[in-house]
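Q: This is what each chain is made of:
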Amino acid sequence: MSDLGTPVQGVTLYSFTRAFHGREYDLEGLLRKVAAEGFGPGVEVIGFSSIRDFPALDDRFVGWFRDLMAELDLVPTSLALNGDWAVDPRRIMSVDEVVDYMTPQVEAAARLGFPIARITPTSLPPEFMEKILPVAERCNVTLALEVHAHHHGKHEGILAMRDAFERIGSPMLGFTADWGATVVGFAPSLLEAYRRRGATPELLEEVAALWDRTYQEGPPVTEEQHGERFGAFIGLAHKHGRPDLGVDFGINGTGLFGPAPIDTWEGIAPWIRHCHGKFFGIDENGEEPSVPVRGLIEFLVQHGYNGAISSEYEGWHWNYWEDPFDIIRGEHVVQRSAAIDAGSRMITDPAEARAVLTAHLGHGAAEVAR
Amino acid sequence: MIPDRIIEQGTLATTGSAVSVEVRLPWYRSLPASCISEVGLSVDGVAAPAESLTWTMNGRTRTLDEMVGDTDDWWFPTDSAVLTADLPVTPDAEHVVDVELKLYIPYIVTDHGVLRIEEHDTKTMKAAQR
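Chains as they are written, first to last, in this note's numbering: chain A, 1 to 370; chain B, 1 to 130.
If we strip away everything but chain A, and leave its shape as in the complex, we get (with noise of 0.2 Å):
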């Protein structure tokens, strides 16, 4: 194996979203509030989430995140892309349409100094990445497909994927690797979220069972057996009498607790550009119940992994009661105490961050988009 791994800290702001949503915080604020908690360095921001009228972007704009992020000293990782290929739900887009559709976001990366894009769905084709290569190449900006629930590091897909970049040979291209594809359990507190909305003791257990059941099945290998797994958390909301709750726990059940053991990111290992530390809460012993944080983190650590982290709560889309900053700030003292127990450390210094970012995908950010 090669040398230890240093993985570089950071957050997505995705992971404020109701505060940001909630107007509590603008992006402005949040920044400040990540820079002032040392949540970073490393910053990864959702394009369409973050920035109005996304991707169009005027200098003023360009300048005044950029001036902001130096200010304080934080280092942007990953700019989040969407891939809308039903951006008009009638039809859906052709591949190059996608590119022509993505292009100026890729652009819009280097523009904001954003040495990654991550682009999103994980299933775009590998037609679809070796079409936009040459607008990353152009811009320096290093393209990381998101291997999210229910794909995962050894799902056929994600495998011809990493054969095409094989295959191509690119520097460029790679994958962003999010832990919600690797968990052991139904997050504890969407069990409580459902509670809190009316499900039966009952019902709860009965998910939690199907999902348990799911987990030692293994990850689905295809998309007939995802689909399958789908219809099943709809049966058993039906069964219970609650067909409202269904499709939150077929997305939920299949596409956030994604039950793949962890080392199938031995799949694609060598092409992991970037980290979403995709988690749901921290219990009362300070541990991440459902998300194995402390396996992630040590597999990283042995495969020599420099990049960054961008640790991602999703818990919010639920839970209503607790702080997201304090369970971000738990979040990160797993990983660090996790990477110490590798044998390693994570990078919390800025300077140190941008050279081993640097070193890591062979390129800086881009200065500026030609």
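To give an idea of the interface, some chain B residues facing chain A are shown, with a C-beta separation under 7 Å as derived from the structure: (1) Met1; (2) Ile2; (3) Arg29; (4) Ser30; (5) Gly69; (6) Thr71; (7) Phe76; (8) Pro77; (9) Thr78; (10) Tyr104; (11) Tyr107; (12) Val109; (13) Val114.
The set of hints was computed from the structure by calculation and includes no laboratory data.
Predicted, not measured: the structure shown is a model, and the values here were computed from it.
Every residue, glycine too, gets a C-beta built ideally from N, C-alpha and C.
Since chain A is already given, all that's left is putting chain B on it; use the hints.
A: Frame of chain A; chain B shown alone:
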């Protein structure tokens, strides 16, 4: 995703024969007008006639039919849209307002088609005379 925020508290207004209320996007990122699929509004359990519903966003007022296929006008997560409909509501009294939104999520496409989420919110508030 964020259904509790759909209806903006304290924004119900009535002209006597028409009613309006401000609504928020129950999703984490901007969506174009083309993705606003269906909208329902009812007050005190009485549904507003669907054909009378109009949607005001970014300074433009349109019917939902007029927004079909519009990928230029976007609903930003911190902006309120104004939903208006023909429905008699008495001013200065408490009313139960119910809004249902069906929204397409344009990057999530499965074997079942484009993901369409259905979110709804109910809040009680006084109607202001307009």
